[in-house]
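Engineer: Residue numbers (full-length UniProt numbering), protein chains in the order written: chain A, 1 to 291; chain B, 1 to 488.
Quick caveat, the hints were computed from the structure, so don't treat them as lab data.
Here the structure is a predicted model, which means the values were calculated and not measured.
One thing to keep in mind: the hints can contain errors.
In silico contact screen, one side only, chain B against chain A (beta carbon under 10 Å); selected entries [said to hold, decoys possible]:
no.	residue
1	V21
2	W174
3	R334
4	D380
5	K387
6	L388
7	S389
8	D390
9	R394
10	A396
11	G427
12	I438
13	V439
14	E447
15	T453
One-sided and incomplete, this derived list gives chain A residues near chain B with beta-carbon spacing under 7 Å [claimed, not checked]:
no.	residue
16	P30
17	L31
18	N81
19	E83
20	G87
21	N141
22	D142
23	D144
24	D241
25	L245
26	G247
27	R271
28	S286
Glycine included, each C-beta is placed from N, C-alpha and C at the ideal position.
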Amino acid sequence: MSEHQGEFDAVTGRHTTGHEWDGIKELNTPLPRWWVITFYLTIVWAIGYWIIYPAWPLISSNTTGLLGYSTRASLAVELANLETIRGDKMAALAAASLADIEKDPALLALARAKGKTVFGDNCAPCHGSGAAGAKGYPNLNDDDWLWGGTLDQIMQTIQFGARSGHAKTHEGQMLAFGKDGVLKPEEIVTVANYVRALSGLPTRKGYDAAKGEKIFAENCVACHGDGGKGNQEMGAPNLTDKIWLYGSDEATLIETISQGRAGVMPAWEGRLDPATIKAMAVYVHSLGGGK
Amino acid sequence: MNKTVNPKDLTSDGDNGPLYVAHKKVYPQSVSGTFRRIKWGLMAVCLGIYYFLPFVRWNRGLGAPSQAVLIDLPNSRFYFFFIELWPQEVYYFTGLLIVAAVALFLMNSVGGRIWCGYLCPQTVWTDVFYAVERLVEGDRRERMKKDKSSDPMKLERISEIVLKHSIWLMIAWWTGGAWVLYFYDAPTLVKELVTFQGPMIAYIWIGILTATTYLLAGYMREQVCTYMCPWPRIQAALTDEWALNVTYRYDRGEKRTSVKKAAELRALGEQVGDCVDCYQCVAVCPTGIDIRNGPQLECIQCGLCIDACDNVMTKIGRPKRLIGYDNDINIHRRQEGKAPIYKIVRARTVAYSAIIAAVGGFMIYTLATRSLLDVNVLHDRNPVAVKLSDGSIRNAYTVRLLNKSGYDRVIAIDASGPANLTIHVVGADSVTPDRPMIVIPRDSTSELRLLVTAPAESNTEKSIPVRFHVTDIGLGEAASATDNFVAP
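One chain only, chain A, in its complex shape (with noise of 0.2 Å):
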């Protein structure tokens, strides 16, 4: 061996590294000359990208590049170009009817779609973004309308809302009979348990059942119906079935009755297009509820 030892492998007569590792010694296997330049020929490339490219950060904003290429503006062109695209699907839908829409699966999959997307960023908040509904918000799933649940029902709620300030929405709310002082507390219990055993719930031990059917009859019958069936005209729920919007424990029920109750659904009509509306209605009738 030379006096330089680790300079170099006697096995192979190459060079080394000179680092060892337990003995091992590394071999000097030199990159081949193409391999640099070609990590050269990446640096000028990345120095060419930042001067057509949007790349430096400054202090307030940043450096536009030679093309004036931006992410946004991009954004922007392909969104319009989609618009484009679907204009014609678009027209077809806000050209049919309601009833023709749900017969046609091409023009259906299209309004499921859309009104699914539009759902989630419009009505969620309220119904929840399966339309499940919450405490106050209709479940859209269920059978059960306040306002009707056709197809043309849906549309018109969706258009117009409901207590919304709109010249077209549907009006009608719940009077806070025990606020306003027309019921006593008591005569509020005893109607609570009568309005619970409509819908065959138990009630509570030795409340007056006659005394519940006058006083409904009196107060409630008006907008509920004969027998509390409900009437959608005013938006009045129907007391008999096992969906309750508010809640069918006698605690809330003697609260609806002596507070009141007026949800508010916002008017969609100006805020979406047409077809967008359509679309909307006619998924909300395919969530399974729709008559």
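Got chain A; can you put chain B on it based on the hints?
Structural biologist: Then chain B, alone, in the frame of chain A:
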């Protein structure tokens, strides 16, 4: 590659060697023999398949592509002769990849880097490019001389260079062109391409593949194998002591002497090696190594050195296969005077073959028994269940029906599970109540919203399995899927 230096001859200067090496051009000599013939044959088969397969037709009926092998990206279909794969069957490719990987392992444990030497696209195209170079510029010596010559370029030489690069570019262009034909109806695309009506993406891909073929096969060549390819590193870990690698049988070759001296010594009855140090094995090597230095990373085991050595051995009247497919075990056995043994059937090769057979068999089985009608069901998650005004429960499902056949089908949907259930498909008008019927066009899928309603009183479990049956009412073919019916 770096030449071996005797440590004694080294005069160290404290220098650790160059950081970067300039490319040393390899000038492989032409050679003929068994392995060269195998290589020509395999090259013809591989390139033949690659260049002409897109033009093979396959009748799939009206409206379906009539190309035997087609990757139809816009419609998400893959056609391979009688097989039509859908995106959700992409796991067949997983199986194919497993088989391919294990086949590579098997090749490696039987015969070393057979893939590298004979079948790898880099090897095949480099070989083609070398053949063109040899045809235009002459063999090793001529090429070396021409490259070294510092004379001003003569017209003849210039035309040679132009011709070589033109042929290279034509091959490269055809390689890129054949690639795009796998993604579109080949005859139509050829017509469109030559009339400049083809899609831009086709031209771009032809450009990319022309450039890479030209660069990799014309210039990078063996450097792809030594610097870029991970396989030499992996195969070193996969190979074992029984694998047949291209091996210099040093037991027979050493000591090396000239032909004349060997003859003299043999006449005196002395032991001499067969290697006459003619360097023919080095001259023909496409990666420019000396196989007599033992197994090396650069060696792609193409066997051309075997042919070169055999030719020399024949000429000098010595037995062939001084270099051959062998292993160190046999070299040692011969040195000990024992007969060499070749073990192809080993635990490793049996295991690899078994894996290939199992995966391949499973793939063939599933392909043969797969249904052309399928149904996928996804339960609505929000809300999972809805209580209706009469107290009954309703669950909603997204049902996807797949009609993989070449004809439209009328599908009836039934469900079973919860007691007294009723089903409804949104948008479907049923003739038979509770048995919705849907038309699914040929070779397509339909997504449906399906509602299952059941009375709460007769279904008191929190979750009841529900089974969806779909039946082609024409042919009777059926499929089913299971999900759960959940109470609120």
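Engineer: Does A:S286 pass the interface check with chain B, least Cβ-Cβ distance below 7 Å?
Structural biologist: holds (4 Å)
Engineer: Should the interface hint for B:K387 be scored as holding, given a Cβ-Cβ cut-off of 10 Å against chain A?
Structural biologist: Nearest chain A Cβ about 6 Å off; hint holds.
Engineer: Taking 10 Å as the limit, does the beta-carbon of B:R394 come near enough to a beta-carbon in chain A?
Structural biologist: This interface hint holds because 6 Å falls under the 10 Å limit.
Engineer: Does A:E83 pass the interface hint, meaning its C-beta sits closer than 7 Å to a C-beta of chain B?
Structural biologist: violated (22 Å)
Engineer: Less than 7 Å between beta-carbons is the criterion; does A:D142 satisfy it with respect to chain B?
Structural biologist: holds (5 Å)
Engineer: Can we keep the B:T453 interface hint, with Cβ of chain A closer than 10 Å?
Structural biologist: holds (9 Å)
Engineer: Under the criterion of a CB-CB separation shorter than 10 Å, is B:L388 in contact with chain A as hinted?
Structural biologist: Since the shortest Cβ distance to chain A is 5 Å, the answer is holds.
Engineer: Regarding the hint that A:G87 lies at the interface with chain B, is the smallest CB-CB distance below 7 Å?
Structural biologist: violated (21 Å)
Engineer: Under 7 Å, Cβ to Cβ, is where A:L245 needs to be relative to chain B, so tell me if that hint holds or is violated.
Structural biologist: A:L245 check fails; min Cβ-Cβ to chain B is 12 Å, beyond 7 Å.
Engineer: Classify the hint on A:G247 as holds or violated, based on whether any CB of chain B lies nearer than 7 Å to its CB.
Structural biologist: Given a least distance of 13 Å, the restraint on A:G247 is violated.
Engineer: Under 7 Å, Cβ to Cβ, is where A:R271 needs to be relative to chain B, so tell me if that hint holds or is violated.
Structural biologist: Violated. Min distance 24 Å.
Engineer: Given B:E447 as an interface hint, is the shortest Cβ-Cβ distance to chain A below 10 Å?
Structural biologist: Given a least distance of 7 Å, the restraint on B:E447 holds.
When the structure is compared with the earlier hints, violations turn up for hints 2, 3, 18, 19, 20, 25, 26 and 27 and for no others.
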